[in-house]
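Engineer: Here's the letter readout for the chains.
Protein chains: 2
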Amino acid sequence: MYRTHDCGALRIENVNQNVTLAGWVQKNRNKGFIVWVDLRDRYGITQLVFDEERTPKVVFEKAQQLGREFVIQIHGTVIERESKNPNMNTGAVEVLVNELNILNPAKTPPFTIEDQTDGGEELRMQYRYLDIRRNPVKQNLLFRSKVSMAVRNYLTDAGFIDVETPYLIKSTPEGARDFVVPSRMNEGQFYALPQSPQTFKQLLMVGGLDKYFQIVKCFRDEDLRADRQPEFTQIDCEMTFVEQEDILTQFEGLTRHLLKEINGIEVGDFPRMSYDEAMKTYGNDKPDIRFGMTFTELNDSAQGKGFGVFDNQELVVGIAVPGAASYSRKEIDALIDWVKRPQIGAKGLVYVKCNADGTFKSSVDKFFGPDDLKVWAEKAGAQAGDLLLILSGEAHSTRTQLSALRMELAERMDLRDPKVFAPLWITDFPLLEWDEDTQRYHAMHHPFTAPKPEDLEKLATDPAAVKANAYDLVLNGNEIGGGSIRIHDQKLQAQMFDLLGFTKEEAQAQFGFLMDAFQYGAPPHGGIAFGLDRLVAILGGEETIRDFIAFPKNNSGRDVMIDAPAYLAQEQLEELNLKTLPKKEA
Amino acid sequence: MYRTHDCGALRIENVNQNVTLAGWVQKNRNKGFIVWVDLRDRYGITQLVFDEERTPKVVFEKAQQLGREFVIQIHGTVIERESKNPNMNTGAVEVLVNELNILNPAKTPPFTIEDQTDGGEELRMQYRYLDIRRNPVKQNLLFRSKVSMAVRNYLTDAGFIDVETPYLIKSTPEGARDFVVPSRMNEGQFYALPQSPQTFKQLLMVGGLDKYFQIVKCFRDEDLRADRQPEFTQIDCEMTFVEQEDILTQFEGLTRHLLKEINGIEVGDFPRMSYDEAMKTYGNDKPDIRFGMTFTELNDSAQGKGFGVFDNQELVVGIAVPGAASYSRKEIDALIDWVKRPQIGAKGLVYVKCNADGTFKSSVDKFFGPDDLKVWAEKAGAQAGDLLLILSGEAHSTRTQLSALRMELAERMDLRDPKVFAPLWITDFPLLEWDEDTQRYHAMHHPFTAPKPEDLEKLATDPAAVKANAYDLVLNGNEIGGGSIRIHDQKLQAQMFDLLGFTKEEAQAQFGFLMDAFQYGAPPHGGIAFGLDRLVAILGGEETIRDFIAFPKNNSGRDVMIDAPAYLAQEQLEELNLKTLPKKEA
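Protein sequences, first through last, are from chains C and P. Under this note's numbering, think of the first position of the first sequence as 1, with each following residue one higher. Under this note's numbering, think of the first position of the second sequence as 1, with each following residue one higher.
Chain C extracted, bound-state conformation (with noise of 0.2 Å):
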């Protein structure tokens, strides 16, 4: 028994008890007559007191000597501290220590473990274990297993069933890439990780388990970009016997729950809108909708009036942006350069003050009168003191960019409040897009998600205009999670394998379980699959999900704490069958 309380425990009540307590030094100071020092464990922080009189005198010197993050045991006696800490739960009582044992000593660490550290993120990485002694770190690795229970707990009660499907499946060219596992057993063959336990969660509703659900790793071997991880957990769940309705209103009771367990947080019908309003309202299916600046496509008013920017476009599309009237010369040039930065891609901004005194100043005042500029403003809702940002151009980029530029500016204007939870169901959603590149459709989801009934017919005739039976879970702009009610039916499964360019063989060879499924009795089913990285770290009011995970890896798919990936010995790669080729030049 290495303690009788742990380092958050003790309380005015406690007084005059003898306690034993372990922990690491967190502070040690030492006024020469005294040292007190803050002991500190995952449930809180102790203060100790050695005191020249009252203190054995060896343990009086020991206790000068403890640096921070040694590990210590002590054995002493609970008493009131004559100036209390009311930020602290132990902060009334201290211990007075009459034992002291160092169980470890510590070297002193490369960054300080405090809640603002002086860590860069290499060095942080580098020792992820004294990272997650911090505060912060070790509050968000908490956090996460506190969500993933609540979220256990709702399916469980809901009457889903946990259940684990393989890590070691097949390799399936389609979608991204997949990190793969040669078979010693099996020369020459391999296992793929799973991106997803897609198909396999379908031949257990197949299998007649009604109700699934399971918290899992997936694996995508993609060009990390920032906030990507090679692996990442999905909560990930399907349902028999249903229509999209079911599915929304069982995850959207789930996410209530989660936004009432984790956050107390009362939250009302989500509301929903359809993917094309979505694009044309927000400029992208992902929409954050805690603040308007909701888009005005002004093509009627703004064009035929001579002025080429605007007249041969697809789309002339704007925002009011409240307040900004204000904004100087410098400033607008400002957003003018950003959005004209690669990234965005816009070619220019216009823009039209609409000035407190009922006046309009804009960048396009030689092809547009006043009037003009009033129509515009009053058809995006622009009050006087609000500025009209305008672009144009092709309608889908110009959609894209002129998203950026709101989001960019509702950061600018703290109004994307981490406080505050705005969910949103994206629906009819496109079955397909088209690719330039492989001059071939793409499922927007993923092949096996069903069209809508009412559209089947021109599956053959218009496959583009095909919507699906697919849904997302938008969270302050954030897609939290995704899914759709599947195909059930083995012709349809194979005429969809068609459309996207599979041949009848590569369709069989890497699908035929499925489709075989799908001839004995398969249920119709559907479901969704929830990111619990993002959902974890948006639930906890961050956007980037690298310090909710306990080891992640950086941007080249590095572990630099473990060193990993690394070279294989040469038995290795001989048992596996396997040579490795000379590196390629760059």
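Hints listed in this document are in silico derivations from the structure and should not be mistaken for laboratory results. Treat the hints with care, as some may be off.
Where chain P lies over chain C, by a calculated footprint (3+ residues, C-beta under 8 Å) [said to hold, decoys possible]:
id	stretch
1	124-134
2	517-530
3	548-562
Just so it is clear, CB atoms sit at the ideal spot from N, CA and C, and this is done for glycine as well.
Dock chain P against chain C, hints included.
Structural biologist: Only chain P this time, still in chain C's reference frame:
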């Protein structure tokens, strides 16, 4: 909304309600003027009735066409059954159908979807999604989900935090073979899949998380014996500031909770036995203590009487088989043949019948008189009517042989009652075992296990005599968990690697991060891991794990349903900079 009720829901109280059900056709009994259909889903079976008089003609005709495993939806009225079935939850009612939708027809399944199926193992695995529809498999998966959740609830309530450790880690040539994953972004380098999260959970303790658990997939590329899987699930736990006693108490609590919660069985304090005692008494470090036949060593009374088979052997050891004195010569010969099989490897078997009349009859009457035999019988606690079976030879292998015989007899005599649960802690394992092949020591548990403090000095002088702070939890003759107190001292860990034959450089390259971590304030810690697959099987009253895994692999590590592993496309290999070598000749 596909249904108002599931197929296990309707009771006498629902009579006269209009209901909608969906499910699979379990059975179709067509009497000409009336058709009964058993409709099945995860929750139960409801009897549907279609009758010539009361059912619309078109519906009645469709009902006659329904084949096994068709997926249908019906609307109808709940009516009271004339002849009730008390063995079914829904046995008091049936549904008189007025509307029938065939949601998906089904080909005749390749085996019957019944508790006792006509499908062989291979066929069941190929169509696992159909196999899962069968009650025994479905119930096992539901049972597993229930056990997992009970584990999570218990550990969460006890303050354990669920932390996900990475799956893409680094290969370590120590221990079993790793599955490896080529890294595309780090050319020529590989990740490895974890055999266990051992070092990560230790780093979480160094990181101050105090109590960790995870239900996690682990991977071992071993030649598969029966009932081993290349991927398996572990309940992985670690605690800080603990001694062995703390861990035994905590996880005895977990196991007791599961036996209570899952099996409704109350178990008292678990007995404990040292490794040495277990080997001496049961010839086995995972003894089944649900029955007796403990070992009696007979060297003193059996040697030196001129019987060469005993005289020059390290060990003469026997068991008393209750009530087996009545075995015929033929039965005893069969036992002798059984122990001589190469899998067991004994040279012979000596028997002594302790007859009901107090006389003895043995296979060694030439060498030993009734007085000798009586002494043996008394030592072994054999009663009149029992059969004494004796082996001799080198101590370890003789014990192993006699243990196998003891287990075989228990099976034949039905002494291994799956409804009785006898947990047992085995402690005081040797730290190291000498490996003749490699002529060096191997870690009996793993290289991170701490020696008993009182044996520390022997580490340099007599490593084989050092005991470890390691323990196994045994349930009904199966190891269900094992763990140890870990080394947390950098120097001791380095000494351990040295003993295990690592050079300083190898130790640094593979485990430098851990030894670094030990220098920054590593606390005393220890843990345990349970094999979930086996634990669930045993709690479920079975010993084979395969039907408690949704999608198991066969003995060649193949998933015969999806046909994995498989060959990769050439482009995939090229992207990974890999070449598979031509097949080796057998």
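Engineer: Work down the list of hints and note, for each, if the structure agrees.
Structural biologist: Structure-based check of each hint:
no. : hint    : in the structure
1   : 124-134 : holds (count 7)
2   : 517-530 : holds (count 8)
3   : 548-562 : holds (count 10)
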